[in-house]
Amino acid sequence: MGNIYKVVFKDIKKRLTTKFKDLNFLEETFPEGSLNLYFDVGYGEKFVIFFLPIDREFNPNLLIHFAPLEVFFESVRRFLEIKPPVGYRVRFFLSSGGFKNLLDHLEKLGRYRVLLVVNLEETGIGNEKIVINGLSGNILYKIDKILNNQGLSTRKINIKEENHLEDRIMSTMQFRSIPNKYKNILPKDLYEVKRRDYIVLLIFLIITSVFKL
Amino acid sequence: MKTASYGVRLLTSLSVITTLLVYNYDFKIPLTVLSLIYILQYMILSPFSKDPTIRYFLYLADFGFISYSAYVTDQVYILLFLFTILATLREKLDLALFLTTTFALSGFFFYRTGFYDFNLIYLSLALLVVVYMILKEIGSKDKTYQNLLELTKSIYRDNLICSDRMDFYLRYYEITSSLRELKEGSISLDSCVEVLYENLNCDGIFITDRENLNTVCKGKYSCDTNMVNLVQELEVEEIKRLLSVKFVIVREIGKYTIVILYKNYVLIDKELLETMS
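Quick note, the sequences are listed as chains A and B, same order. One point on numbering: in this note's numbering, the residue at position 137 of the first sequence is 137, and numbering is uninterrupted. Take any residue in the second sequence, note its place counting from 1, add 213, and you have its number in this note's numbering.
These are computed hints drawn from the structure, not numbers from a lab. One thing to keep in mind: the hints can contain errors.
The following label-pair restraints were derived from C-beta to C-beta distances [to be verified]:
1. 394(B) <-> 81(A): 55 to 63 Å
2. 20(A) <-> 307(B): 28 to 36 Å
3. 81(A) <-> 262(B): 29 to 37 Å
4. 396(B) <-> 56(A): 51 to 59 Å
5. 201(A) <-> 307(B): 33 to 41 Å
6. 189(A) <-> 215(B): 17 to 25 Å
7. 189(A) <-> 312(B): 30 to 38 Å
Under the rule of at most 27 Å between Cα atoms (straight-line distance), these lysine-lysine pairs were calculated in the DSS-like manner [to be verified]:
8. 431(B) <-> 459(B)
9. 142(A) <-> 433(B)
10. 305(B) <-> 354(B)
11. 215(B) <-> 14(A)
12. 354(B) <-> 14(A)
13. 129(A) <-> 459(B)
14. 194(A) <-> 13(A)
15. 19(A) <-> 354(B)
16. 354(B) <-> 194(A)
17. 181(A) <-> 212(A)
18. 366(B) <-> 194(A)
19. 129(A) <-> 366(B)
20. 215(B) <-> 142(A)
21. 431(B) <-> 129(A)
22. 356(B) <-> 366(B)
23. 183(A) <-> 194(A)
24. 183(A) <-> 366(B)
25. 459(B) <-> 145(A)
26. 212(A) <-> 83(A)
27. 188(A) <-> 19(A)
28. 6(A) <-> 305(B)
29. 13(A) <-> 433(B)
30. 183(A) <-> 129(A)
31. 305(B) <-> 356(B)
32. 356(B) <-> 194(A)
33. 181(A) <-> 194(A)
34. 188(A) <-> 356(B)
35. 10(A) <-> 215(B)
36. 194(A) <-> 19(A)
37. 188(A) <-> 366(B)
38. 145(A) <-> 453(B)
39. 100(A) <-> 6(A)
40. 6(A) <-> 19(A)
Bear in mind that the values here come from a model prediction, so they are computed numbers and not experimental data. Heads up, the beta-carbon is just placed ideally off N, CA and C, and yes, glycines get one too.
Isolated chain B (complex conformation) (with noise of 0.2 Å):
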């Protein structure tokens, strides 16, 4: 959008100096250097067109510039680059604005011609509908990459939503095959207590064979025989004592004996815990 505006201005200034030097008017260094002068405040100015107070004044350039060198060279189609001007418009008040100037100027260079070109009319009407026609593209493809957005958002949000879930099936995938497999005897004590500690993100866990009196742990406790012995008779309240851990959770499977321990925190991981049941 930029470089178009730019290139408009341009244009536009370029064919006032063309036309002032084929036709060979009255004062043309002068009317040539304020068209220079003319492209060089906006090549200035423009950067700042954020500013509302600079964008007014260059679209009074504008309106001064245009009109004032079809009122000199009396040649009513330089008009018409006001049209093209509006092409390059983002804003609707300033598209309000610049079209009511436009159309106000337009029908008071007509009536001082003398109603006599007419060809101006029809000129001005196909241009307007190019601008019509270019806006509405815009606006059509501002639409859909809206609605593209909105959708990317919708497909990230369940994107989360379902990473969470995976993750969560994921681990719960884990502890239950885990768990089969030792009922089954498949796998040893020492590569489930692993895979428990690594899933259920405890402090620390004890498996007890209660057949051959077997145990082993995993985490920050260390595996002494008081320990040990504690585990195998299942006395909860002297380890939550000897350990100060805050949460001891017991679960039979089979022949074996699990002892979790959580430490100081209050722990909702329910969904996991209840599969092992």
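Chain A extracted, bound-state conformation (with noise of 0.2 Å):
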């Protein structure tokens, strides 16, 4: 089972290409085994990165990697089928390899036409908080306005525990599920479509109205 990723790589892109016929996927393999996958919607020298990592724990019956994968098929839908990303590109970006691999490939795309990396750990388990990273003030205010719009209170917190993202200058936005105590065996059965659409309709918001042109 040491390379279930590569099962759950070759499933994600059944899945999608069945639905959606002309995604064009490129991948990077690297010498120590881990694999990067990926695909562009729409043209643009910016990026927006939806994250995903599926790494050697990946478990598909448990929640906390069961939601974040329906969340990234629904933001795909969601890009490609109701409103395409103008004037950026929207990269959905699944790695075997964690966050250096992010990290590796950002380096080589250039930091400076990443406009926000969107970390999907966590996502659609119920509870989430958004934790912003290195957008600037009037940004938070525009997504503040959104969540408000909502009917969601928004208060800011300073989190202690660690960023992975946090060292570099970058934009980011995950969702982490706070407090929540059983997260990590919580079984998938536990899974709604309802929670889902709510989250992928915040992302899509907020990524819509903050890279308008």
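Please assemble the complex out of the two chains, which come individually in their own frames, going by the hints.
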């Protein structure tokens, strides 16, 4: 079961190609065995990156791994079918090498071309809090307005936990399930489509309204 | 379910082979080979039974093999295996198709034997009852599972809401108790500022003792004499300009003045701040 991510990547590819025929998948393999799979939606010089790590511990029967994958598929569908990005590209990036691979990829891409990295880990399992890093106050204000329009209250929390991307200057947005004591053992049966749709709507609203031309 | 369907088919072909051996029919070897081919094709094709064409081909093979061997050996009882296969089906359309065909075939064979094998009716009826019972059991299990799942989901939802509220009340309790103790004079200013900074998630906090003119601070901003003077005189606009913070909240509790600084962000944590007034 060492290379479970290869099977998962294959499944993801199959599921995406059956629905959306003309997706252009790109792959990067590394000598140590890790794998990057990504594809772009839209055209433009700047990137918004949706990032989902799929590592060796990936277990599709657990909510914490299953729900983010569903969120990933739903966001692909939204950007392809409902409103394609204008003026920038959305790159959907899956990696078995975790954040290291993402950072290497961003280095290759050019840091200035990346508008925002959306980290989809832990998304869709409930009680998500938006963790924003490196965005200016103006944009934060916009996001705050969107969230308030959706009937959500916002407050600022300084998270003292370790943030994987904090040491680099980068705009990131991720969804952390806090407080959620048992998130690591919850089974996939607790997954709800309603929750997924809501969180994807929020991500979609934030991205389309913040980076519109 | 997979092993059950394998077992039924294996049993069918084995019983056909035994019938051939016991009653010593003509073409014994080709018929034995046919039964082996039947079980082999099932083993090869059944992993792909998600594809409807392959699934219906497998059913066709079942009907073909069982009815042909019943026809050749004149043992009508072999048809009863169709009912056992019926018990392994899950989809409604398959069940309906299978059931009609099975009844049509049994009726035909019953007619062919000149309505002689009356026992067949009782046996097939008994088997049908068994099939019905098994399906009902499966259905009720599914239903209880679904109900339990719904219950678990609602509990999970409630748990999420509760843990959020719990987090809030924990902070609420910490803040109110530390403020009360500060008023009574049982804790020092330093420990109180520590607690408030942790729980209010602000960028900076100043607490001034108006009687002793003693100020402590915590956060990103340094506690120099200039700043302390500004805080003690409560010049909010000047503090905003100097530290470039957007929100300054002032609360007075007993002889203490608390100044809370939030930088660059809209704060909607009113409930907690209201507890401090």
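Status of each hint after checking the structure:
Separated by about 58 Å at the C-beta atoms, residue 394(B) and residue 81(A) satisfy the suggested range of 55 to 63 Å. Under the hint 28 to 36 Å, the C-beta atoms of residue 20(A) and residue 307(B), about 31 Å apart, fit the expected range. Taking 29 to 37 Å as the suggested C-beta distance range, the pair residue 81(A) and residue 262(B) conforms, at roughly 32 Å. Taking 51 to 59 Å as the suggested C-beta distance range, the pair residue 396(B) and residue 56(A) conforms, at roughly 55 Å.
Distance hint check: the CB atoms of residue 201(A) and residue 307(B) are about 39 Å apart, consistent with the given range 33 to 41 Å. Taking 17 to 25 Å as the suggested C-beta distance range, the pair residue 189(A) and residue 215(B) conforms, at roughly 22 Å. The hinted range of 30 to 38 Å is satisfied by residue 189(A) and residue 312(B), whose Cβ atoms lie roughly 32 Å apart. For the hint pairing residue 431(B) with residue 459(B), the CA-to-CA distance comes to about 18 Å; that is within 27 Å, so the pair holds.
Our distance criterion of 27 Å between C-alpha atoms is met by residue 142(A) and residue 433(B), whose separation comes to about 25 Å. Among the hinted pairs, residue 305(B) with residue 354(B) is consistent with the structure: their alpha-carbon atoms are about 17 Å apart, no more than 27 Å. Taking the CA atoms of residue 215(B) and residue 14(A), the gap is about 25 Å. The hint holds against a cut of 27 Å. Of the supplied pair hints, the one linking residue 354(B) and residue 14(A) is violated, its CA atoms being roughly 33 Å apart against a limit of 27 Å.
For the suggested pair residue 129(A) and residue 459(B), the alpha carbons sit about 23 Å apart, so the restraint of at most 27 Å is met. The suggested pairing of residue 194(A) with residue 13(A) holds, with an alpha-carbon distance near 24 Å, which does not exceed 27 Å. A C-alpha spacing of about 34 Å is found between residue 19(A) and residue 354(B), which places the hinted pair above 27 Å, so the restraint is violated. Our distance criterion of 27 Å between C-alpha atoms is met by residue 354(B) and residue 194(A), whose separation comes to about 26 Å.
The straight-line distance between the Cα atoms of residue 181(A) and residue 212(A) is roughly 37 Å, outside the 27 Å bound, and the hint therefore fails. In summary, the hint linking residue 366(B) to residue 194(A) is supported, as the alpha carbons are separated by about 12 Å, within the 27 Å threshold. In summary, the hint linking residue 129(A) to residue 366(B) is supported, as the alpha carbons are separated by about 20 Å, within the 27 Å threshold. Distance check on the hinted pair: residue 215(B) and residue 142(A) sit about 55 Å apart at the alpha-carbon level, beyond 27 Å; violated.
A hinted pair counts as satisfied when its Cα atoms are at most 27 Å apart, and residue 431(B) with residue 129(A) qualifies at roughly 26 Å. Straight-line distance between C-alpha atoms of residue 356(B) and residue 366(B) comes to about 15 Å, which keeps the hinted pair within the 27 Å bound. For the hint linking residue 183(A) to residue 194(A), the alpha-carbon distance of about 18 Å falls within 27 Å, and the restraint holds. For a cut-off of 27 Å, the pair hint linking residue 183(A) to residue 366(B) stands: about 14 Å separates their Cα positions.
For the hint pairing residue 459(B) with residue 145(A), the CA-to-CA distance comes to about 17 Å; that is within 27 Å, so the pair holds. At most 27 Å may separate the alpha-carbon atoms for a hinted pair to count; residue 212(A) and residue 83(A) meet this at roughly 12 Å. As the CA atoms of residue 188(A) and residue 19(A) are separated by approximately 23 Å, the hinted pair is consistent with the 27 Å bound. About 36 Å separates the Cα atoms of residue 6(A) and residue 305(B), which puts this hinted pair outside 27 Å; it is violated.
Restraint check for residue 13(A) and residue 433(B): the C-alpha separation of about 47 Å exceeds 27 Å, so the hint is violated. For the proposed pair residue 183(A) and residue 129(A), the alpha carbon gap of about 14 Å is at most 27 Å, so the pair holds. A threshold of 27 Å between alpha carbons decides the hint, and for residue 305(B) with residue 356(B) the separation of about 16 Å falls inside it, so the pair holds. For the hint linking residue 356(B) to residue 194(A), the alpha-carbon distance of about 22 Å falls within 27 Å, and the restraint holds.
Between residue 181(A) and residue 194(A) the CA atoms are separated by roughly 22 Å; this keeps the pair inside 27 Å, and the hint holds. With a C-alpha separation of about 18 Å, the suggested pairing of residue 188(A) with residue 356(B) holds against the 27 Å cut-off. For a cut-off of 27 Å, the pair hint linking residue 10(A) to residue 215(B) stands: about 25 Å separates their Cα positions. Under the criterion of a C-alpha separation no larger than 27 Å, the hint pairing residue 194(A) with residue 19(A) is consistent with the structure, at around 21 Å.
As the CA atoms of residue 188(A) and residue 366(B) are separated by approximately 11 Å, the hinted pair is consistent with the 27 Å bound. For the suggested pair residue 145(A) and residue 453(B), the alpha carbons sit about 23 Å apart, so the restraint of at most 27 Å is met. Under the criterion of a C-alpha separation no larger than 27 Å, the hint pairing residue 100(A) with residue 6(A) is consistent with the structure, at around 18 Å. For the hint linking residue 6(A) to residue 19(A), the alpha-carbon distance of about 20 Å falls within 27 Å, and the restraint holds.
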